[in-house]
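If you're matching them up, the sequences are chains A and B in order. Every position in the first sequence, counted from 1, becomes a number in this note's numbering once 58 is added. Every position in the second sequence, counted from 1, becomes a number in this note's numbering once 66 is added.
There could be a bad hint or two in this list.
Claimed, not checked - Dumping the calculated SDA-like pairs for lysine to any residue here, alpha-carbon to alpha-carbon at most 25 angstroms:
#1 B:LYS271 <-> A:GLY103
#2 B:LYS281 <-> B:LYS232
#3 B:LYS267 <-> B:SER91
#4 B:LYS232 <-> B:LYS267
#5 A:LYS237 <-> B:PRO75
#6 B:LYS267 <-> B:LYS316
#7 A:LYS116 <-> B:GLU94
#8 A:LYS116 <-> B:ASN343
#9 B:LYS267 <-> B:GLU209
#10 B:LYS281 <-> B:GLU209
#11 B:LYS281 <-> B:ASN343
#12 B:LYS271 <-> A:THR213
#13 B:LYS271 <-> A:TRP81
#14 B:LYS267 <-> B:GLU176
#15 B:LYS267 <-> B:ASN307
#16 A:LYS116 <-> B:ARG185
#17 B:LYS271 <-> A:LYS237
#18 B:LYS271 <-> A:TYR147
#19 A:LYS116 <-> B:LYS232
#20 B:LYS267 <-> A:ARG226
#21 B:LYS271 <-> A:GLN83
#22 B:LYS316 <-> B:ALA200
#23 B:LYS271 <-> A:ARG232
#24 B:LYS232 <-> A:GLN83
#25 B:LYS267 <-> B:GLU385
Unchecked claim - The calculated label-pair distances, taken between Cβ atoms and stated as ranges, are:
#26 A:ARG148 <-> B:ARG95: 45 to 55 angstroms
#27 B:ALA213 <-> A:ARG232: 48 to 58 angstroms
#28 B:GLY198 <-> A:ALA233: 51 to 61 angstroms
#29 B:ASP241 <-> A:ARG148: 54 to 64 angstroms
Note that these hints are calculated values from the structure, not bench results. In this text, all values refer to a predicted model and were calculated from it rather than measured experimentally. We treat Cβ as the ideally placed atom computed from N, Cα and C, and that holds for glycine.
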Amino acid sequence: MANGDATVARLWLWATRARATDWDQRFAVELPRVYNFFRYRVGPGPVAEDLTSLTFEKAWGARNRYREDRAAFGTWLFTVARNVAIDHYRSARATVSLEDAEEIPGGSTPEEIAERRSDETHLGRLLARRTERERELLALKYGAEFTNREIARVTGLTESNVGTILHRAVQSIRAEWDKEPENE
Amino acid sequence: MNDDRLDDPLLHQYRREPDPRFARSLRERLRRAERRQGISRPVMRALATACGIGVVVALFAIPSVRVSAQALLDLFRVRRFAAVQFDEARFEALRSADQDQGLLVFDRKETIRDAGPPRYVPTRDAASPEAGFAVSEPSYLPEGLRADSMFIQGEGEMRFTVSEAKLRSLLDRLDVKGVTVPSGLDGHWVEVRKPAVVMQKFRSKRRHAVLIQAKSPEVSIPAGWDVEQLGEIGLRALGLNSTEARRIAKATDWRNTLLVPVPLDVTTFRQVTVQGNSGLLITTKGETGPDGNHREGTMLMWTSGDRVYCLRGTLSAREVMLMAESLPS
Chain A
59 MANGDATVAR
69 LWLWATRARA
79 TDWDQRFAVE
89 LPRVYNFFRY
99 RVGPGPVAED
109 LTSLTFEKAW
119 GARNRYREDR
129 AAFGTWLFTV
139 ARNVAIDHYR
149 SARATVSLED
159 AEEIPGGSTP
169 EEIAERRSDE
179 THLGRLLARR
189 TERERELLAL
199 KYGAEFTNRE
209 IARVTGLTES
219 NVGTILHRAV
229 QSIRAEWDKE
239 PENE
Chain B
67 MNDDRLDDPL
77 LHQYRREPDP
87 RFARSLRERL
97 RRAERRQGIS
107 RPVMRALATA
117 CGIGVVVALF
127 AIPSVRVSAQ
137 ALLDLFRVRR
147 FAAVQFDEAR
157 FEALRSADQD
167 QGLLVFDRKE
177 TIRDAGPPRY
187 VPTRDAASPE
197 AGFAVSEPSY
207 LPEGLRADSM
217 FIQGEGEMRF
227 TVSEAKLRSL
237 LDRLDVKGVT
247 VPSGLDGHWV
257 EVRKPAVVMQ
267 KFRSKRRHAV
277 LIQAKSPEVS
287 IPAGWDVEQL
297 GEIGLRALGL
307 NSTEARRIAK
317 ATDWRNTLLV
327 PVPLDVTTFR
337 QVTVQGNSGL
347 LITTKGETGP
357 DGNHREGTML
367 MWTSGDRVYC
377 LRGTLSAREV
387 MLMAESLPS
């Protein structure tokens, strides 16, 4: 029987919330956060998926070194993700264009799909104009859904500094969104 | 800057769920890596210990219902849950005593049917045929919480034999005195059948919950084994003193009760009623979130007919109860 063989083992784990890490659950919870972190960072499409894969593969390779009592798993995982992002930019010097990447968004009617795609492309364009630091913080905030305090913990910035940078970035995006036509 | 002021809906529009095919493919790759690495040592140790505690838990904790058709085996199923507190340090002692990768008190262990890894299923309708029952979904969700994903793990079956010598050795190592290991355990097969298990995950920005539902697992042991005596041994191995272990072993209705060991210092628990059925509500210290803040956790276990449910997450007791009550009866 996979994953430890016995019903009893599973019941034991369910029942006592054993301290052993449930990697399936961790994966299910963290995958959307890591994937969206990279979506905001480099745009949708294969690059975001590649960097997500790389992050998990690195984290899985080192997971026996992860100590639950030292750092929250999410914090630890996003330390890996940030390093993956840094390596990606360093090695390729590739600014993956958010505006070039497209994917089919969800939607019930062709009109809705078209509208969402247009909004997404437009938003991607605005995100791509932000500075590196702003994009990273936006990715942590809206992609990984961290609070400002959590972002401060991950990045080493102060919480108020995080709030200020994010506030400016959001204001800029909002202003440009309202001002610019979608099809420049 | 206040978080709420930055909660701009426009910026949230860029979020998407990962492609399920990508998610499955990545999880498979990671699983292969896990297998190459022999799975994570902490997980293996915990599972091995849990299996090892089979004599402690498996052989006694799953209730005896009836003698099987062959009249050779007692069949055990879960009908209700009850809590027994234990010192978590003992769990660590049991874990460190396990030098044989799960063979703590076993001689042999065989997989009869591999359950395989949990697999993503898109809907409960897709999960139901494989689960063998109509998968339920709560009609009530706490504010902000939404259904996230669903997984199913197939049926599994294993069997193992217990070693009296190993059991005695374990009790010695744990310094458990005044316990007589019954003879006649050696060489007999104990079979464990795990039915398909459906796990539905719910999440919001800050919280999450998992609803697990399955048919009752079954454990078959040779007829004639003194379950009460084995239960008492198990309770002693968990660290209870002889008086308390004997009292609980005698008071427990082994026919329909699964004892749930809960750590002494980290939980509170109480019996509750869920849709007219007895349940066990456990409040834990929860878990540390990405922000380093601790969130209280709640776990509710109950049975209904032949179904076993476990709902746990970073929710309040009230929310968990409301979710459970909202499942179709």
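The hints, checked one at a time:
Annotation: proposed proximity of LYS271 of chain B to GLY103 of chain A holds, straight-line Cα distance about 24 angstroms (limit 25 angstroms). The suggested pairing of LYS281 of chain B with LYS232 of chain B is violated, with an alpha-carbon distance near 32 angstroms, which exceeds 25 angstroms. This hinted pair checks out: LYS267 of chain B and SER91 of chain B have alpha carbons roughly 19 angstroms apart, not beyond 25 angstroms. Restraint check: the Cα-Cα separation between LYS232 of chain B and LYS267 of chain B comes to about 39 angstroms, which exceeds 25 angstroms; the hinted pair is violated.
The hinted pair formed by LYS237 of chain A and PRO75 of chain B meets the criterion: a straight-line CA distance of about 17 angstroms does not exceed 25 angstroms. Distance check on the hinted pair: LYS267 of chain B and LYS316 of chain B sit about 38 angstroms apart at the alpha-carbon level, beyond 25 angstroms; violated. Annotation: proposed proximity of LYS116 of chain A to GLU94 of chain B holds, straight-line Cα distance about 15 angstroms (limit 25 angstroms). At most 25 angstroms may separate the alpha-carbon atoms for a hinted pair to count; LYS116 of chain A and ASN343 of chain B exceed this at roughly 46 angstroms.
Using a Cα cut-off of 25 angstroms, the hinted pair LYS267 of chain B and GLU209 of chain B holds, with the two alpha carbons roughly 15 angstroms apart. The hinted pair formed by LYS281 of chain B and GLU209 of chain B fails the criterion: a straight-line CA distance of about 29 angstroms is larger than 25 angstroms. Restraint check: the Cα-Cα separation between LYS281 of chain B and ASN343 of chain B comes to about 15 angstroms, which is no more than 25 angstroms; the hinted pair holds. Between LYS271 of chain B and THR213 of chain A, the direct Cα distance comes to roughly 20 angstroms. Compliance with the 25 angstroms bound is thereby established for this hinted pair.
Restraint check for LYS271 of chain B and TRP81 of chain A: the C-alpha separation of about 20 angstroms stays at or below 25 angstroms, so the hint holds. As the CA atoms of LYS267 of chain B and GLU176 of chain B are separated by approximately 31 angstroms, the hinted pair breaks the 25 angstroms bound. The hinted pair formed by LYS267 of chain B and ASN307 of chain B fails the criterion: a straight-line CA distance of about 39 angstroms is larger than 25 angstroms. With a CA separation close to 23 angstroms, the supplied pair LYS116 of chain A and ARG185 of chain B stays within the 25 angstroms bound.
Of the pairs offered as hints, the one joining LYS271 of chain B and LYS237 of chain A is violated, with about 30 angstroms between alpha carbons and a cut-off of 25 angstroms exceeded. Proposed proximity of LYS271 of chain B and TYR147 of chain A is contradicted: the alpha carbons are some 29 angstroms apart, above 25 angstroms. For the given pair, LYS116 of chain A sits about 39 angstroms from LYS232 of chain B by alpha-carbon distance, which is inconsistent with the 25 angstroms threshold. About 35 angstroms separates the Cα atoms of LYS267 of chain B and ARG226 of chain A, which puts this hinted pair outside 25 angstroms; it is violated.
The straight-line distance between the Cα atoms of LYS271 of chain B and GLN83 of chain A is roughly 16 angstroms, inside the 25 angstroms bound, and the hint therefore holds. Only pairs whose Cα atoms come within 25 angstroms are accepted, and LYS316 of chain B paired with ALA200 of chain B is rejected, the gap being roughly 37 angstroms. The suggested pairing of LYS271 of chain B with ARG232 of chain A holds, with an alpha-carbon distance near 22 angstroms, which does not exceed 25 angstroms. Using a Cα cut-off of 25 angstroms, the hinted pair LYS232 of chain B and GLN83 of chain A is violated, with the two alpha carbons roughly 34 angstroms apart.
The suggested pairing of LYS267 of chain B with GLU385 of chain B holds, with an alpha-carbon distance near 15 angstroms, which does not exceed 25 angstroms. Taking 45 to 55 angstroms as the suggested C-beta distance range, the pair ARG148 of chain A and ARG95 of chain B does not conform, at roughly 25 angstroms. A beta carbon spacing of about 31 angstroms between ALA213 of chain B and ARG232 of chain A contradicts the range 48 to 58 angstroms that was offered as a hint. For the pair GLY198 of chain B and ALA233 of chain A, the beta carbons lie near 57 angstroms from each other, so the given range of 51 to 61 angstroms is met.
For the hinted restraint 54 to 64 angstroms between ASP241 of chain B and ARG148 of chain A, the CB-CB distance of approximately 57 angstroms keeps it satisfied.
Hints 2, 4, 6, 8, 10, 14, 15, 17, 18, 19, 20, 22, 24, 26 and 27 from the list above are not met by this structure, while the remaining hints are.
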